[in-house]
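Chemist: As a plain string of letters, each chain reads:
Protein chains: 2
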Amino acid sequence: MATFTPQDYLMMSRAIKLAQGGIYTTAPNPNVGCVITRDDQIVGEGFHYRAGEPHAEVHALRMAGKLAEGATAYVTLEPCSHYGRTPPCAEGLIKAKVAKVICAMQDPNPQVSGRGINMLREAGIEVQVGLLEADAQALNPAFIKRMQTGMPFVQLKMAASLDGQTALANGQSQWITSAQARQDVQAFRAQSGAILSTSQTVIEDNASLNVRWDDLPLSIQAHYPAEELRQPVRVILDRQNQLSADLKLFQTAGDRLIVAPGGDVECLLNDDQQIDLRATFEMLAKQHNINHIWVEAGATLARSLMQQQLVDEVVLYQAPKLMGSDGRGLFGALGFQEMSQVIELDITELKQVGRDIRILAKPIYKEQ
Amino acid sequence: MATFTPQDYLMMSRAIKLAQGGIYTTAPNPNVGCVITRDDQIVGEGFHYRAGEPHAEVHALRMAGKLAEGATAYVTLEPCSHYGRTPPCAEGLIKAKVAKVICAMQDPNPQVSGRGINMLREAGIEVQVGLLEADAQALNPAFIKRMQTGMPFVQLKMAASLDGQTALANGQSQWITSAQARQDVQAFRAQSGAILSTSQTVIEDNASLNVRWDDLPLSIQAHYPAEELRQPVRVILDRQNQLSADLKLFQTAGDRLIVAPGGDVECLLNDDQQIDLRATFEMLAKQHNINHIWVEAGATLARSLMQQQLVDEVVLYQAPKLMGSDGRGLFGALGFQEMSQVIELDITELKQVGRDIRILAKPIYKEQ
Numbered sequence: 001m002a003t004f005t006p007q008d009y010l011m012m013s014r015a016i017k018l019a020q021g022g023i024y025t026t027a028p029n030p031n032v033g034c035v036i037t038r039d040d041q042i043v044g045e046g047f048h049y050r051a052g053e054p055h056a057e058v059h060a061l062r063m064a065g066k067l068a069e070g071a072t073a074y075v076t077l078e079p080c081s082h083y084g085r086t087p088p089c090a091e092g093l094i095k096a097k098v099a100k101v102i103c104a105m106q107d108p109n110p111q112v113s114g115r116g117i118n119m120l121r122e123a124g125i126e127v128q129v130g131l132l133e134a135d136a137q138a139l140n141p142a143f144i145k146r147m148q149t150g151m152p153f154v155q156l157k158m159a160a161s162l163d164g165q166t167a168l169a170n171g172q173s174q175w176i177t178s179a180q181a182r183q184d185v186q187a188f189r190a191q192s193g194a195i196l197s198t199s200q201t202v203i204e205d206n207a208s209l210n211v212r213w214d215d216l217p218l219s220i221q222a223h224y225p226a227e228e229l230r231q232p233v234r235v236i237l238d239r240q241n242q243l244s245a246d247l248k249l250f251q252t253a254g255d256r257l258i259v260a261p262g263g264d265v266e267c268l269l270n271d272d273q274q275i276d277l278r279a280t281f282e283m284l285a286k287q288h289n290i291n292h293i294w295v296e297a298g299a300t301l302a303r304s305l306m307q308q309q310l311v312d313e314v315v316l317y318q319a320p321k322l323m324g325s326d327g328r329g330l331f332g333a334l335g336f337q338e339m340s341q342v343i344e345l346d347i348t349e350l351k352q353v354g355r356d357i358r359i360l361a362k363p364i365y366k367e368q
Numbered sequence: 001m002a003t004f005t006p007q008d009y010l011m012m013s014r015a016i017k018l019a020q021g022g023i024y025t026t027a028p029n030p031n032v033g034c035v036i037t038r039d040d041q042i043v044g045e046g047f048h049y050r051a052g053e054p055h056a057e058v059h060a061l062r063m064a065g066k067l068a069e070g071a072t073a074y075v076t077l078e079p080c081s082h083y084g085r086t087p088p089c090a091e092g093l094i095k096a097k098v099a100k101v102i103c104a105m106q107d108p109n110p111q112v113s114g115r116g117i118n119m120l121r122e123a124g125i126e127v128q129v130g131l132l133e134a135d136a137q138a139l140n141p142a143f144i145k146r147m148q149t150g151m152p153f154v155q156l157k158m159a160a161s162l163d164g165q166t167a168l169a170n171g172q173s174q175w176i177t178s179a180q181a182r183q184d185v186q187a188f189r190a191q192s193g194a195i196l197s198t199s200q201t202v203i204e205d206n207a208s209l210n211v212r213w214d215d216l217p218l219s220i221q222a223h224y225p226a227e228e229l230r231q232p233v234r235v236i237l238d239r240q241n242q243l244s245a246d247l248k249l250f251q252t253a254g255d256r257l258i259v260a261p262g263g264d265v266e267c268l269l270n271d272d273q274q275i276d277l278r279a280t281f282e283m284l285a286k287q288h289n290i291n292h293i294w295v296e297a298g299a300t301l302a303r304s305l306m307q308q309q310l311v312d313e314v315v316l317y318q319a320p321k322l323m324g325s326d327g328r329g330l331f332g333a334l335g336f337q338e339m340s341q342v343i344e345l346d347i348t349e350l351k352q353v354g355r356d357i358r359i360l361a362k363p364i365y366k367e368q
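Sequence lines, in order, name chains X and L. The first sequence runs contiguously to residue 368 in full-length UniProt numbering. The second sequence runs contiguously to residue 368 in full-length UniProt numbering.
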C-alpha cells in the first residue's frame, strides 16, 4: 500500500484543480491535470484542454524542460500507453527521465488499465497509485462510465413549479424558471458531450438546443473565451421524420445527429416500433464517442428514460410557484398502485439558483 | 439615533440567545431574554419560560440582586408597563435602580408601545432602542403579527414527492416522507399556538395532531424535559359535525377547539355556508390569544387558505420520490389560464432533513 506525504496531497490537489480547466472543452477525452515537482518545488504543470491537443503531461513536461530529470510527476489519471493523436504520455515521462510518478487513479478502460503504469515501472520509474482517487474520479464521471460499461452517463434536466407542474393545462409555461436557472442550464449543456431531445420539443419551442456563450453565467465566461466555445452535438429523436429545415435547430451553431428513418444515424427500433433508447445510447457511445448525454425534453421521453432505468442523474429546477394539479406533470401518469413501486432517488446536491431551487438526485433503481 | 458599543451588541446577542429558551413554552406570550451588566460584567440574566411565570427581567433582576443598582439592562423587547399576571417589568427595573436600559425593539402592540420606555425615562433611566432589532423580531413573528394586525401567523405544512404528489391515485401515501421529516414536523407543532386541521383529515388518518415528546428530535429533547411539554390547542374544522368521541383526537393529551355547529367555538360561516376561514382565524386570535397556527390538512383546505391569502409561510417537505401525475396533487386544480395568475413564493430557507428536502417559502400575494 502506497503511503503519501502532505506534499503529495497538496500537489495532487493542485493537479485536480488544474484538470477542471478543461471541463467545457475536453469531451470526449477525460479531464486530466499534471504537476511536476523537483525538490518540493513546482517546475511544470498543465492540463488537457481539448481533444486533439496535447495531454496534461506534455504541457507539464514542456514547462519543466530539463528540470524534469529526477523529478516527481503527479497525474490525475494513469498516463496513456498508446499512440493516438499524440505519442503516449508514459513514453514522454520516461524520455524526460522523471524519477517518480504518482497517479490518482488507473485508466478506467479495462482494456488498457495498468499498461501505462507498467511501461513506467519497466523503465525503472517508481509509481504510486490511488492518491485522492475519489476526487480524480469526480473529474470524469461520464468518461469513466463509458469506459467501464460502454454506456453514456445520462443527465435528465427537468423544470417545474413547487407542485410539480411543467406547464398550465393549456400548455403555457414561459417562464417557469428564472433567467439564472436558464443560465445554469447553459453551463450544464456546455459540459455535456451531447444534448438530446425529441422532434416534438424542438418543433414546439423552435429550440436551438445549443450553447449560447452570451447566456453562460459570468463566472464561466470569465475563464472560457467565446472563441474557444465547444458545441456539444445535438441528438434529436425524430421517429416520424417531423423536423423541417426552417427550424432554428438547423440554423444555429453546433453539429446535429438526427435519429430518424433515413437520418444521420441508424434509427434502432424496439418491438413497439419506437426508438430503442438503450440501443441508441449504446450506439452513440460506441460510434460517436459520446460520454455524457444531457437530456432536455418533455414528460413522455422523461418517463421512458426513467422506466427504462437509463437516467444516471436528475437535474431538477423548481420555481417557487404553485400552478395547481390541473397543469401538466413532470412525468405524466406512472400507474403506481403501491408506494413500494414509486421511483426513489438520492439527493446529492441542493441549492438555490437565483430565486429557484436546483436539485441533483440519483435514481435508486429496483431490480427489474 | 442611539449608538451602540461592541459590548452592547455582545450582550444583546446573549439576551436573544437566552430568549430562544422559551420557544416551546411561552405561547401565547412572546419570547424575551434579558441580561444585566455592571462594569461590563454579567451580573444577572434570564428569559421568559412560560405564560404565567416570571418575565425575563424578573429572573435577571433576582439574579443580580443589589448589583442591579447602577447597572445596564439589555432586554429583547420593551419592558411591559401594565399589571397583568405579574407586576410591570418597567417598575421592577426602576425599583432596582438600574441606570440604563437597552431594548432591541418596542412593544409591537400599538396600544401600549412606548409606554414602558416612557415609564423608565420618567424615572430618570437612560433608554436606548433598536439594537439588533431584526433579530429580536425574528424571535416572535407570530406574536408581532397578532399584535399588529389582530390576525394569527399561519404556517401551512405540506408533504409531497419531488413531482408534487401527496398520495397515489388510490390514496396510498404512507410514508412519503422519512422519519426525520416527521420528527421535524413535531418540532414545528411544539412551537405553534394551535394545530389546525379538518375533520376529514382527523377521521381518515385517525390523527392525534398533538406533540409526542418521544417523537421530538433528540436535539430538542435534550433541553425540553418531557414533564415541561406544552400542548398546542388542536383546532378542528368540522362543519358537518362528523367527529366522533372514539377518535384518537379525543383520547390524547392536548386541548381541543372544535369549530362546528354547536361546537366549542362559534362556527362562523361565509355566504357559501362554508366555514369562514378569515373570520375564524381572527376569532381564534382575539378570543383565544392564538398567535401562531400550524396547519396540517389536505389539498382542499390548503387550496382555500392559499386562495384567500391566509398563509404566511409554507413548510413543504419533499421526499426524493417520483410518483407520477396520476397521483393526488398538493393543491388540487387551481384553474389558471395564464402564467401571470400562478401563485408565486419567495424561498426563505432550503435544507435537507434526513433524506428529504424542507422548503420554507413565503407567498407573494397579488392584490385582489
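Rather than coming from a laboratory, the hints here were simulated on the basis of the structure. Among the hints, erroneous ones may be present.
Since the list gives no way to pick out one identical chain from another, each pair is judged satisfied if it fits inside one copy or across any two copies.
As the list claims (entries may be wrong) - Heads up, simulated DSBU-like pairs for lysine-lysine below, C-alpha to C-alpha not over 35 Å straight-line:
(1) Lys157 to Lys366
(2) Lys351 to Lys145
(3) Lys351 to Lys366
(4) Lys248 to Lys157
(5) Lys17 to Lys362
(6) Lys366 to Lys66
(7) Lys351 to Lys362
(8) Lys145 to Lys362
(9) Lys248 to Lys100
(10) Lys97 to Lys145
(11) Lys351 to Lys100
(12) Lys66 to Lys145
(13) Lys157 to Lys100
(14) Lys351 to Lys66
(15) Lys157 to Lys351
From a predicted model like this one, the values you see are computed outputs, not experimental measurements.
Chemist: Run every hint past the structure and note whether it holds.
Modeler: Taking the hints in turn, this is what the structure says about them:
{"no.": "1", "hint": "Lys157 to Lys366", "in the structure": "both (21 Å within a copy, 31 Å between copies)"}
{"no.": "2", "hint": "Lys351 to Lys145", "in the structure": "both (26 Å within a copy, 30 Å between copies)"}
{"no.": "3", "hint": "Lys351 to Lys366", "in the structure": "both (27 Å within a copy, 27 Å between copies)"}
{"no.": "4", "hint": "Lys248 to Lys157", "in the structure": "within (21 Å within a copy, 44 Å between copies)"}
{"no.": "5", "hint": "Lys17 to Lys362", "in the structure": "within (25 Å within a copy, 39 Å between copies)"}
{"no.": "6", "hint": "Lys366 to Lys66", "in the structure": "neither (56 Å within a copy, 71 Å between copies)"}
{"no.": "7", "hint": "Lys351 to Lys362", "in the structure": "both (16 Å within a copy, 18 Å between copies)"}
{"no.": "8", "hint": "Lys145 to Lys362", "in the structure": "within (14 Å within a copy, 42 Å between copies)"}
{"no.": "9", "hint": "Lys248 to Lys100", "in the structure": "neither (53 Å within a copy, 72 Å between copies)"}
{"no.": "10", "hint": "Lys97 to Lys145", "in the structure": "within (33 Å within a copy, 75 Å between copies)"}
{"no.": "11", "hint": "Lys351 to Lys100", "in the structure": "neither (41 Å within a copy, 45 Å between copies)"}
{"no.": "12", "hint": "Lys66 to Lys145", "in the structure": "neither (37 Å within a copy, 74 Å between copies)"}
{"no.": "13", "hint": "Lys157 to Lys100", "in the structure": "neither (43 Å within a copy, 60 Å between copies)"}
{"no.": "14", "hint": "Lys351 to Lys66", "in the structure": "neither (47 Å within a copy, 52 Å between copies)"}
{"no.": "15", "hint": "Lys157 to Lys351", "in the structure": "both (15 Å within a copy, 21 Å between copies)"}
Checked against the numbered hints listed earlier, the structure breaks hints 6, 9, 11, 12, 13 and 14; every other hint is satisfied.
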